[in-house]
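Assemble the complex: chain V is given as a structure, and chain L must be docked to it using the hints.
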Amino acid sequence: MSAPSVIETQALSKVYGPQRALDGVDLKVAPGAIGLLGPNGAGKSTLMKCLLQLQPITSGSAKLLGREVGREGREIRKRVGYTPEQDCHIPGMVGCEYVTYCAQLCGLPFAVARQRAHEMLDFVGMGQERYRKIDTYSTGMKQRLKLAQAIVHDPEIVFLDEPTNGLDPKGQTQILELVHSLWQTYGITVVLSSHLLNDVDRLCEQIIIIARGRVLVHDTLENLKARNRRSAEVVIDGRYQELQAACASRQWACEPLPNGHVKIAHQCASLNPLLALLHERKLAPLEIIPSPNALEETFVRALELSHANP
Amino acid sequence: MPIHDISYKHWDGVHLGVWHRRLAIARHGLTACLRNKWMRHAVVLCWGSALAMTGLLFMVGQLLVADSVVVQWVGNFNPGLQSFARLLTTWLEQHPEISVRTTQNVLFYFYCALLLRAGIFILGMAVPLLITQDLASNAIIIYSSKAVSRADYLLGKFSTAFGLLAMAWLGPVCAAWFLGNLLTPDWGFFWHARAAIFHTLVFGLVAMTLLSLLALGVSAISSKEKSTAAIWYVWWILGGVVAPIAVKTRPWLQHLSFNYNLEQIALAIFRPAEDLTTARESIPILGEMLRDVSTRSMSALSTPALWGAVTWSWLMVFLAAWIIRKRVKPE
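Going down the list, the protein sequences come from chains V and L. First residue of the first sequence: 7, per my numbering; consecutive thereafter. First residue of the second sequence: 52, per my numbering; consecutive thereafter.
Bound conformation, chain V alone (with noise of 0.2 Å):
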């Protein structure tokens, strides 16, 4: 039985003046880590915002955990967490005080909500700064105190908007480690809004790419990856030429890369012949990537499909 929809729109529409920023959303997704994909302008918060009620919709409708959006505001903003792009702190206060307001606002009692900011705030890495005044955190320090709010009053589902933005790569890693274990580890779905396709490549199981409000695309990870199945990464220890020698011989193009890699445009909706090359020629390779750009190759396809029918 598959699990019950966390996200359900039909023609859903949000119109700014003249501008239409979501055109008939129709969408069914189940729990699990999402990511949201699109260029900028593309959508992706407004659908966040409307879906949260930060923004009334036009038209259509829309339910978050079952519940409709728009008629239980409260109830459904109870369930969930949410981290905007921008800065959005209370100035004045410290962390641990901001962190434990908001659970309150959330309707925690006073003792269990300061014990739970606590909590977070170990949970997402926080040491002493906790005390310090938000006003003079570093822009990694704020990305992990807007996860600790998102996530203090322990919602179902928590939506994070360009999370790692501003981050160095270390940063980001730890943050994108934390959000993966949500799901992974403790069940909360995650919808992750980025424009990073590797970080989304990293974390997602399901896939929404939106362009010019519309959905061009919603399969998961794996389905979008078979479709592009057409190229892979191979990491060979030496013996490059041979393996030139080989793929020249079936006609593959083979390119190595920067990484130390070689990718193989083998062309085939498998990996089998490439698998059966590799062992009639006694090569034996390190790791084979298959289809590593596929995200982007679908992305890049989407938003051409999408610009040549607007």
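Hints are computed from structural coordinates only; laboratory data are not their basis. Glycine residues also receive a C-beta, built at the ideal position from the N, C-alpha and C atoms. Some clues are possibly wrong.
[Unchecked claim] Sample of chain L residues facing chain V (criterion: CB under 8 Å; computed from the structure):
| # | residue |
| --- | --- |
| 1 | Y59 |
| 2 | A75 |
| 3 | Q184 |
| 4 | S196 |
Chain L alone, transformed into the frame defined by chain V:
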């Protein structure tokens, strides 16, 4: 390395109701206001004035009771004053209802009006902390993404302003009434002075509601803290300057001052002119003293421009509501 469990933990407790969330917003607002040391000092001064008022009521109470310590003590220095006090005592015994009622109603009318200015001043310091700061820091988005609606948020902020006024104004006035009557030789004063506290409470609730709504409106005008504070003080001071000038030229201009409107509402509620007339007619000595009060002053006291004040106050509230509606949005 952490020595305690830092993994994520689920919570399956019961959520508190929406009133607790509104209360949390109000409490947070009050805490933020009281972090400002000048505001704390101003509130303490208001309570200091309540102690002074208590002392005054104690003295007045002693003057109205036969053979009280104060009357005897006064007699040591001024036998005339002692005779006056004894006359008052006799009159009190005949008309306890009128004497205590009249005295305290007039006293509390003036005390309310005086302390209201302190309340408006303190509220001006709090204006940037109500909505302005949230607009500047985008905190409205955080509120909107939690289990509170825009109405809950505004109700919480309204309660902050209302609570601050209760702390700086209505609280000290009520405390002064209670302590002042507690220290009188006869606790029957509580009953006789009921009109004063009733009028105080009615006027207090009306004025606090009006001022809190106006403060929210001003606070939502801009996301710059200095601007909203300046708008509040300039409106208050300009109103105070314009009102006396406009009396002879365009009297309706007086109503642009919220303070003037509140004064008219206070006059309509306390009706001090009636008390002064009663006192003048009932106590011959007091009548002599009050003869100096000019007819024009008495006329101003006895005919407040209530409907104008109410109408303009409503207009101001509508304007504040419109500003809030336009400005307090997640985006």
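So, going through the hints one by one against the coordinates:
no., hint, result
1, Y59, "holds (5 Å)"
2, A75, "holds (4 Å)"
3, Q184, "holds (6 Å)"
4, S196, "holds (4 Å)"
Going through the hint list in order, the structure satisfies each hint without exception.
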